[in-house]
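Novice: One-letter residues, chain by chain:
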Amino acid sequence: MTALVPTRDVASGPLGGDPRRRPALPASAAIAIAVLVGAGVLSLVVGARAVPPTALWDAGHPLRPVVEARLERTVLGLAVGAALGLAGALMQGLTRNPLADPGILGVNAGATFAMVVAMSTLGLSATGELLAPAFLGAALAAALVHAIASLGRDGATPMKLAITGAALTAGLTSWTTGLLLADRKTVETFRYWQVGTIAGRGFDVLLAGLPFLLVGALLALTGARLLNTLALGEDLARGLGRRTTRDRLVIALAIVLLAGTATALAGPIAFVGLVVPHVVRGLVGPDHARVLPFSMLAGAALVVLADTAGRVVLPPSEVQVGIMAAAVGVPAFMVLIRRAGSSL
Amino acid sequence: MTLAVDRPAVPSGTVDAAGVVRRARRAPRRHLRRLWAGLVVVLVGAFAVRVLLGDYTVTIPDFVRILGGEQIPGATYIVWESKLPRAVLAVLAGLAFGIGGAIFQTTLRNPLASPDIVGVSLGASAAAVCAIALAGWTGWPVSAAAVAGALAVALAVRLVAGDHGGFRLVLAGIGLAAAMQSVIQYVFTRVDEYDVQLVLRWLTGSVNGVAWSTIGLLAIALAVLLPATAWTARSLPASELGEDAAAGLGVGRARADVLMLLGVLLVAVGVAAAGPIAFVAFLSGPMARALNGGRTSLLAAGLVGAVIVLAGDHVGAYAFADLNLPVGVVTGAFGAPFLLWLLARGRTGRRAA
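Going down the list, the sequences are from chains A and B.
In terms of the working numbering, the first sequence opens at residue 12 and continues consecutively.
In terms of the working numbering, the second sequence opens at residue -12 and continues consecutively.
Same shape as in the complex, but just chain B:
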């Protein structure tokens, strides 16, 4: 799954021109592999910090023994019921949002056109909330509802924006995001028992208090979606060049549509488990691109997303004494300034880094 666009090197005119070209073509690939390895190391580190440290420190030998099924008073419960599910869900949701966001941004060729900004995440969330609160559904039907909501918003945005991509698509999405937010807020004003944490889960996203069965459902969905994405995304470098150029290179519109569909599905299953964690899909793509020297890599974006959610959850849980902030509040508070900075640089109208 090499998704780097190789930059054609200028032959130096020496005898060994072929060798120069070969080296120049190989360098980005080597860089990408090193980046993947580095991100995996960071991810494992973040995972370890999230699971072992915090209010209640678990030593590594204890952790291994707990995973092996040993009962350590206190520690076993905390690891299995709080720390481990949160960390695992953070990784899975981060992967889903990071990859889904990068697919949107790359295919639509606009860093602002990420699913959390154009309302796709909130559409999934609104549908899930309706399914849970109004219809009383649980388990996989909720995920199905989330997928339906995400697809509906994605189609509506496309309908409104027409052939004009860019700002018009983003604005249509912002309007629909506001509408979806209203739906969620309305449903919660009807619920008798007002649970702030629950409202926040579906408005800003949270990995707190999720059952293992939900996490398992997300893992199964990702096990299907991620290989399909990797297979479809082989055409991504061509799609990045724009619709006409991609068509000229033999990548039709249908292919890009399938990829977008996979992006919507990834985001929807992530939302069904963890809520629309703010700005993760938006942030991961550009950060991975910057790390990869301006080239797109979906896997790198997914790894960055996982690290962001893990780190955000850790900060939200432990940065302030006796205050458990949901991860979406943390990522929203720090993601928005980044978006403003991107706008201030004025590089959003066309192809931005």
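Same shape as in the complex, but just chain A:
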């Protein structure tokens, strides 16, 4: 089955590089891990108060508490970024849509809305309790967007999916806002969360979501082969003996777990899932067995780097990671639209 790697994946997209100029796999892995480690170290030492690297291993260093505080948001950023990068790669592969991203297709907005409903009607507040509503909202939003975009003559084209997702996001944001206004207590909590932030959340928040992230990642990584076959088209995939409906559901479940948990932990962060898989495909080619793990690494690095940059780009204030992600993601989105031309 390894021969089934498509030579030109639909989703390999306009940012995919020339295969002949691609670095070898071990080199790519080394680059990705080096970038990730570098991002983590930067995130620990850079900020309003710069910390000398010696504080990282010297337990008695006077700036040690600063490092420990930054460790919380760094670890959370790594987890959320990995989840978003992986979810984006899965969505782009599953829908064969180069513009797929949990933020763009309304999945994050669905999770947000469901969480706010649970907060204001059921009085839930702990992150652990809010995960179930987040999953439900994410699943419903994903299903709704796909169902609506599939209606009509030409089916679920990438453009229609993206526009439907934007419409659903706009509507759900209005309903979310209305609920928040009615319930003034939650407004202050949501002020930063709604923008997308990994600051000041603490390890207990991460621990509540971690099991779901792990299950989602495991499900996702088993789906690499299916995504490779699906890239050949639905009929061919079925002809090759895949039970496409069951396999699609498994991957959809993984997307919901990953995107829902990431939203519950850090708020709705868009564009990470869009940009990362395109860059990764340029680096390692269209084989999902490589794209998926590399998207995890790259997503984690991107979110942590964006968060670090947000601390220093406009002092003295901090720019939330959701805003930084948009600053990186919107230009990439424009390039994708422009290069894709009439093929969408």
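Rather than coming from a laboratory, the hints here were simulated on the basis of the structure.
Do not rely on the hints blindly, as some may be mistaken.
So, partial list: chain B residues that the calculated Cβ filter (under 7 Å) puts toward chain A [to be verified]:
{"id": "1", "residue": "146"}
{"id": "2", "residue": "147"}
{"id": "3", "residue": "154"}
{"id": "4", "residue": "155"}
{"id": "5", "residue": "157"}
{"id": "6", "residue": "162"}
{"id": "7", "residue": "166"}
{"id": "8", "residue": "306"}
{"id": "9", "residue": "308"}
{"id": "10", "residue": "330"}
Just a few of them, taken from the derived set where beta-carbon distance is under 8 Å, the chain B residues facing chain A [claimed, not checked]:
{"id": "11", "residue": "9"}
{"id": "12", "residue": "159"}
{"id": "13", "residue": "163"}
A quick note: this is a predicted structure, and the numbers were derived from the prediction, not measured.
All C-beta atoms, glycine included, are put in the ideal place defined by N, C-alpha and C.
Given the coordinates of chain A, assemble chain B onto it according to the supplied hints.
Specialist: Chain B in isolation, oriented as in the chain A frame:
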């Protein structure tokens, strides 16, 4: 300002063919006039409801006396400081958004390409927020900043979309709208005093708590822009046929560009006063078209927009006890399902109703 495209009637072959044609050509015009009259009646009714009813009922004689300058304890204050400015701003902003949106949709020949969806409204809003919060401007410089922001986004969308209209233009706009939203959110995380109502005004639009001077500024801008639009829009029926056909009929690209510019300006001055009220520009055009038997009428779209904003503000203010929802939340909550329905019907790729 008749903007109806007359549908050529098929001569019936009888002796009085000319008369049949004349009648067939006249019918849409008569329909349009009746529609305008009907919409004005609905608008006046909505205005009266907004100003007279609600938590605090004002009788019509009292209202006339208050307008005449008489002091009625309680009522005078409520009418002059709350009800009347909100209603007047709702009408003016609704007109601006409705007409601006219809210009976009008609010239670009795509109902999705309305200024609130392609980020032009949010661009105006982001520029206005920066001018207010970061530069400390007030008054007309804020409107100027809003105009500059709207123009910048409109040009950027055009640059990215290139000659491909349609979905590509809409997607580029959606991306820029997300970027503008991030700018607004960022500015507000920097402001010390976090005022939810203020944030919502600039993210979703609100007619609540606007000074009379701001409303006056919008009225002056509209007094200039609306006649200019009416004069330029005479070429709209030709533009609707597509660029090539319009050029063949003697309507050059420059003319369409001027009309688009007027649309951007209308939306920008509306946003500077009331914020980017969600989906009004998007909804008004198609609704007016449906009422007018599938023909475009900018005036009808503007009237529909005014009615939508008035009604949305009334619902937001009084539907829920002790909860004052900004009008943008109401129009967003009910406008999005309409957009989804339009997408579900699959009639957005080409010319939709």
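Novice: Decide, hint by hint, whether the structure agrees.
Specialist: Okay, the hints, checked on the actual structure:
With a least beta-carbon distance of about 9 Å to chain A, the hint placing residue 146 of chain B at the interface is violated under the 7 Å criterion. Taking 7 Å as the C-beta contact cut-off toward chain A, the hint placing residue 147 of chain B at the interface holds, the least distance being around 5 Å. The closest approach between the C-beta of residue 154 of chain B and any C-beta of chain A is roughly 4 Å, which is under the 7 Å cut-off, so the hint is satisfied. For residue 155 of chain B, the suggested interface contact is upheld, since its CB lies about 6 Å from the closest CB of chain A, less than 7 Å.
Using the Cβ-Cβ criterion of 7 Å, the hint placing residue 157 of chain B at the interface with chain A is satisfied: the shortest such distance is roughly 6 Å. Given the 7 Å rule on beta carbons, the hint for residue 162 of chain B holds: about 4 Å separates it from the nearest Cβ of chain A. Here the hint on residue 166 of chain B is kept, as its CB sits about 4 Å from the closest CB of chain A, short of 7 Å. Here the hint on residue 306 of chain B is broken, as its CB sits about 10 Å from the closest CB of chain A, past 7 Å.
Because the smallest distance between the Cβ of residue 308 of chain B and any Cβ of chain A comes to about 10 Å, over 7 Å, the interface hint for this residue is violated. Look at residue 330 of chain B: its Cβ gets to within about 5 Å of chain A, closer than 7 Å, so that hint holds up. With a least beta-carbon distance of about 39 Å to chain A, the hint placing residue 9 of chain B at the interface is violated under the 8 Å criterion. Because the closest C-beta pair between residue 159 of chain B and chain A is about 6 Å apart, less than 8 Å, the hint holds.
Restraint check, residue 163 of chain B versus chain A: the minimum CB separation of about 7 Å is within 8 Å; hint holds.
Checked against the numbered hints listed earlier, the structure breaks hints 1, 8, 9, 11; every other hint is satisfied.
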